[in-house]
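K.L.:
Residue numbers for the sequence shown follow numbering that gives the first Met the number 0, so the first one is 0 and each next one is one higher.
Everything labelled a hint here was simulated from the structure, so no lab data went into it.
Nothing here was measured: the structure is a model prediction, and the numbers come from that model.
Possibly wrong hints are sitting among the right ones.
[Stated by the list, open to error] Here are the computed lysine to any residue pairs in the SDA-like style, where the Cα-Cα straight-line distance is at most 20 Å:
| hint | residue 1 | residue 2 |
| --- | --- | --- |
| 1 | Lys-9 | Val-51 |
| 2 | Lys-41 | Phe-26 |
| 3 | Lys-104 | Met-84 |
| 4 | Lys-104 | Lys-151 |
| 5 | Lys-172 | Ser-103 |
| 6 | Lys-19 | Glu-52 |
| 7 | Lys-9 | Asp-25 |
| 8 | Lys-19 | Phe-8 |
| 9 | Lys-107 | Glu-52 |
| 10 | Lys-102 | Thr-79 |
| 11 | Lys-107 | Ile-169 |
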Amino acid sequence: MATISTADFKNGMCILIDGKLNVIIDFQHVKPGKGGAFVRTKTRDVRTGRVVERTYRSGEKFENVLLTTTNMEYLYNDGTSYVFMDPESYEQINVDPTILGDKSKWLKENDVCTLMYAGDELIQVDPPMFVELEVTQTEPGFKGNTVQGGTKPATLETGATVNVPMFVNIGDKLKIDTRDGSYVTRV
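Between the sequences and the hints, there should be enough to build the whole structure, so can you do that?
P.N.:
Shown next, in the form of structure tokens:
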């Protein structure tokens, strides 16, 4: 790992702060009239997603961590881990459910996901931004119920529950935004 100073900061760069991986969201070099220059930063913890604002002295040193991403196809869940395959080398890897967290509810077999590595360590798995999933359970909509744009909960084939418009029925295929779990449209 390379050592960098605050003068080398760039948005999107990953650095180690107190042993934790943090991505720089925003930074600002400040040169006050009195005293030494400093750098105001806003960073996001890669594992928790928590955003923190910190201030550092100008020239302070940090470990730079190289982030790489690769696209892999989701194959199946074997009960203890999620199995992904590299579409070019056909190499398969097992991913611990804790790395996926809530994102596992958007995984459907054969979807291509983005896996992010910090060095050799897998730190994040992102499903496709939009997925098409079938409704397996929802209450029927009643005539006249659609006027005010009301919604109802629907359970999808992966087990995820989303709020959908009243006209959606069991068996409908829906396009879902995986970033916030919102209904986009019927397919």
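K.L.:
Honestly, which of those hints from before does the structure not fit?
P.N.:
Number 9 only.
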